[in-house]
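Undergrad: Protein chains in written order, with this note's numbering: chain A, 896 to 1167; chain B, 896 to 1167; chain C, 896 to 1167.
Hints in this document: simulated from the structure, not taken from any laboratory. Among the hints, a few may not be true.
Cross-link-like lysine-lysine pairs, in silico, DSS-like; alpha carbons within 30 Å at most [to be verified]: (1) Lys1163/C to Lys962/B; (2) Lys962/A to Lys1052/C; (3) Lys962/B to Lys993/A; (4) Lys962/A to Lys1001/B; (5) Lys899/A to Lys1007/A; (6) Lys1007/A to Lys1007/B; (7) Lys962/C to Lys962/A; (8) Lys962/B to Lys962/C; (9) Lys962/A to Lys1111/C; (10) Lys1001/B to Lys1001/C; (11) Lys1001/C to Lys1085/A; (12) Lys1111/C to Lys1052/C; (13) Lys1001/B to Lys1085/C; (14) Lys1007/B to Lys962/C; (15) Lys1001/A to Lys1001/B; (16) Lys993/B to Lys1111/C; (17) Lys1085/B to Lys899/A; (18) Lys1001/C to Lys1007/B; (19) Lys899/A to Lys993/A; (20) Lys993/A to Lys899/C; (21) Lys993/A to Lys962/C; (22) Lys899/A to Lys1001/A; (23) Lys1001/C to Lys993/A; (24) Lys1085/C to Lys962/A; (25) Lys1163/C to Lys993/C; (26) Lys962/A to Lys1007/B.
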Amino acid sequence: MLGKAIDNVRTHTPLIHNITNYVTVNDVANVLLACGGSPIMADEPEDAAEITTICSGLNINIGTLNKRTIEAMFAAGHRAQELGHILVLDPVGAGASKLRTETALKLMQELKFDVIRGNMSEIKTLALGSGTTRGVDADVSDAVTEQNLSAAVSFVKDFARQADCIAAVTGAIDLVSDGETCYVIRNGRKEMGQVTGTGCQLSGIMAAFVAAHPDKLEAAAAAVACMGLAGEIAWSRMEEGDGNSTYRNRIIDAIYNMDSETLERGAKYEIR
Amino acid sequence: MLGKAIDNVRTHTPLIHNITNYVTVNDVANVLLACGGSPIMADEPEDAAEITTICSGLNINIGTLNKRTIEAMFAAGHRAQELGHILVLDPVGAGASKLRTETALKLMQELKFDVIRGNMSEIKTLALGSGTTRGVDADVSDAVTEQNLSAAVSFVKDFARQADCIAAVTGAIDLVSDGETCYVIRNGRKEMGQVTGTGCQLSGIMAAFVAAHPDKLEAAAAAVACMGLAGEIAWSRMEEGDGNSTYRNRIIDAIYNMDSETLERGAKYEIR
Amino acid sequence: MLGKAIDNVRTHTPLIHNITNYVTVNDVANVLLACGGSPIMADEPEDAAEITTICSGLNINIGTLNKRTIEAMFAAGHRAQELGHILVLDPVGAGASKLRTETALKLMQELKFDVIRGNMSEIKTLALGSGTTRGVDADVSDAVTEQNLSAAVSFVKDFARQADCIAAVTGAIDLVSDGETCYVIRNGRKEMGQVTGTGCQLSGIMAAFVAAHPDKLEAAAAAVACMGLAGEIAWSRMEEGDGNSTYRNRIIDAIYNMDSETLERGAKYEIR
C-alpha cells in the first residue's frame, strides 16, 4: 500500500530541514512543496540546530559540503536525533574525495540515520570505508542489472543491517531495504540522469514520506517509486524539442499531481 | 496609478544588489530581469560593500543567513544607506530562530529600511521583538482575513510608524502601509505558496520598483499587486498535468510580459 | 567543422569541475548535462583540490566569490594545471569591484587558462588591469558593433596573445580568438540577456567542448555558436505569454537536442 504514504505527507505537511547542496536546493524545495511537505533550509551551525527543532525531519546532503556546513550537519543532526526526528543522509560523491567519504562515515558513526540514500558507488564506499566514485554519478561497473540483482539485493540488505538503517540504493533498478525485506523497484527512466539533482530531490521527499507515514520501510519505498513514476509520467508529457530542463519541470509537476491511487497503481515493485 | 511604476522600472533599469538566500536566488535574478531591473549578487563583506555602490537598491533577505553573509548585510547596508540607496529587508524566518530574529532586529536598529516585506508571523515577531514562526511560512493563526482585516490594517500601520518604513505584509490579503495610508491588495492565488520563493521574488522586484518610481508607497503597492497579478495570469495559463514547477516559470513569464495597462487594470486594491 | 565538437562532447562525456556562483549553478549543471558533459561542484579548498583530479576540466566563475571559494579556486586551479586539465575563467563582474578585478588578475598570473570568457567590459578590465564595469553586464559603450568590429577583433587578438589563452568575448557579436585567428560569430539573440546566467552556462559548456575536442580554438568557437544557436532555436519555440523563465528552459532544451549537423548548419561565423 505505497499509495497511502503520499496521502500521509499531504495530510501532515511535515516540515523538513534540509542542509543540502546549493546546486539543486531550489528543486529540493519545490519538490518538497509538490509532494505536500514544507521545506526549510538553514546551514549556519547555531541556526541549523535551532531551526531543526521545529521540524519533523532532517535531510543531510553533502553535495557541496564545506567546513561551516559540515559543522551545521553535526549540530543539527545531534539535536534532531535527541528529538526523535527522522534523519536522512544523502552521501553525494562519497568515494570521490577524502573529505566526502570521511564526512559521510563520521555522520554515520555519530548519528543514527533512518534512511541512507545514494547510488551504488556511494553506498559501496560507505560499506567498505573507501571507494573510487567517479564524480557524483555511479560507476558503470556498479550498475544493478537483472543479471547481478540477487547479489545486489544481498549487498543492500547487509549494508542496511550493518548501518542499522533503511538503505535506498537508486539506479536503473532501485533497492530499498531495512536489512530483512528488500523492495526491488523498477520505476523511473534513464533520462532522469540527465536532469541534475533528481537524487537530491528524492532524498528531500524521502524525509517527508518517512516523517509522515508510520511504516518507515514502506514510506521509503513509496518515495522511491513516487520519484521514478513521476519521471515516467513527466516523460510521457514531453513534446518535440523539449529537453532536460523542461523534463526537470515536468518531473516536479508530476509529483505535484501525484495522488495515492496513481502511485499505488503505477508503482512497479516486488519484495525480496 | 500603480501601472506607471513598472514603466519606470523598465525605463530606468535599476541595478539591485541582492544579499539573499541560495534557495531562491536564481528566481530572484530572473524576476528582476523580467520586471525590467538588473540583478547583482555579492555577499563577501568587502565585495558587498563595494558592489552596492554601483547599485540603486539593496535587497537583504535572511533566508539562509550565515556569519559571513550577516557581516556582508551590515557592511553593504551601511554603505547603501550613506549613498541614499533604497533598502529592502525580507526577514525570512524571523521568529523561527534566535539568530534570525536577532539579526533582523539588529538590521532594523542600525539601518533605515525603505521597505520591510514579510509574512504576518515574521512582521509580528519584529513588532514584538520575539516570535514563534513555524518555519518560513506564516502561522495559520496569523492569516489576514476579511474578519480581522481592520485589526490587521491597524497593526501594519502601527508597525510601519514604529519602524519608520513602508511595511508590506503579504498573505491571502496583502497590506502595504507607510503608517498613514494602507493599501489592501487582493491579488494573488493561494497556489503561489506552493512555489518556493514567491516572497523572495517579491522583495527583489520591490527594491527595483521603489528605486525607480518616485512615490515609494505607490511603488511598493505596485510591486505587491504586480506579483499577485502575475500569479493570477500564470494560473490562467496552466494546463492539465502542470504543477508548481511550471507555475514558477509562468509567474516569472507573466512579469516579463506585464505592462502598465495590464497592471493598472488588474490591480485589485482599496486604500484604508 | 564546428559541428564535430559537440559530437566529441557526447562521446567523451567530460567531467567538469565548476567553482561557480550560486545564482546560476543549477543551470550550469543542467546545461552541461544537456551538451553531453557531466558536472561536479566542490568549493571547499581541500575538497576542490581533490575533486578536480578526477575531472577533465575546471571552470572557475567569480560571480559570487568569497574568501573560502577564492582559496578553492587557487587550490583546484593549481592541481588541475599540474594534471594538464582544461582551465576556463569566467571573470564575472571584473571591473565592478576591487576584489573581483584583483582575484581575476591574480588567477591569470598564477594559472594558465585555456579560455577566458567574458563580456567586453570584463575583458577590457583584465587587459588594462582596472575597469569600470557596471555590474555583471557589459557597458553599452563596450558593445561590439559592425562599425567598431575591426578594432574589437584587434583588441581581442591582442588580449589573447598577451594572456596566452583563447579569449572568448561575447555580446551582440561574439569574438573568439587564440591571438592569430578570430572567429566572428553572429548567433544568439538579444533576449538572452534577459535570462540570468547564459554567460555562466556558456563558460560551463566551454570547458566541456575544449576538454573533448582536440582543436581548442574550434572547440571554443563551437561552444559559443552552440549557445547562441540554442538561443535562436529556443526563441523560435516561444509562445504567446512566454517570458524569460520559459526561455531559460528552452535554451537548455535546445542544447539537449543539438546535434552536429544542426550546429554545423546553424553556426553563423566568419574567420578574420
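Undergrad: Hints first: check each against the structure and report whether it holds.
TA: Now the hints, each set against the structure:
1. Lys1163/C to Lys962/B: Between lysine 1163/C and lysine 962/B the Cα gap is close to 48 Å, so the pair fails against 30 Å, i.e. violated.
2. Lys962/A to Lys1052/C: Violated - the C-alpha atoms of lysine 1052/C and lysine 962/A are around 42 Å apart, more than 30 Å.
3. Lys962/B to Lys993/A: holds, 26 Å
4. Lys962/A to Lys1001/B: holds, 26 Å
5. Lys899/A to Lys1007/A: holds, 26 Å
6. Lys1007/A to Lys1007/B: violated, 46 Å
7. Lys962/C to Lys962/A: Holds, at about 13 Å.
8. Lys962/B to Lys962/C: holds, 13 Å
9. Lys962/A to Lys1111/C: violated, 36 Å
10. Lys1001/B to Lys1001/C: Answer violated: lysine 1001/B to lysine 1001/C is near 36 Å, above 30 Å.
11. Lys1001/C to Lys1085/A: violated, 42 Å
12. Lys1111/C to Lys1052/C: Holds, at about 15 Å.
13. Lys1001/B to Lys1085/C: Distance of about 42 Å is beyond 30 Å: violated.
14. Lys1007/B to Lys962/C: The given pair, whose Cα atoms are some 29 Å apart, holds under the 30 Å limit.
15. Lys1001/A to Lys1001/B: violated, 36 Å
16. Lys993/B to Lys1111/C: violated, 53 Å
17. Lys1085/B to Lys899/A: Answer holds: lysine 1085/B to lysine 899/A is near 25 Å, not above 30 Å.
18. Lys1001/C to Lys1007/B: violated, 37 Å
19. Lys899/A to Lys993/A: violated, 40 Å
20. Lys993/A to Lys899/C: Violated - the C-alpha atoms of lysine 899/C and lysine 993/A are around 37 Å apart, more than 30 Å.
21. Lys993/A to Lys962/C: holds, 22 Å
22. Lys899/A to Lys1001/A: Between lysine 899/A and lysine 1001/A the Cα gap is close to 34 Å, so the pair fails against 30 Å, i.e. violated.
23. Lys1001/C to Lys993/A: Within the cut-off at roughly 28 Å; holds.
24. Lys1085/C to Lys962/A: Roughly 41 Å separates the two Cα atoms, so the pair is violated.
25. Lys1163/C to Lys993/C: violated, 37 Å
26. Lys962/A to Lys1007/B: violated, 34 Å
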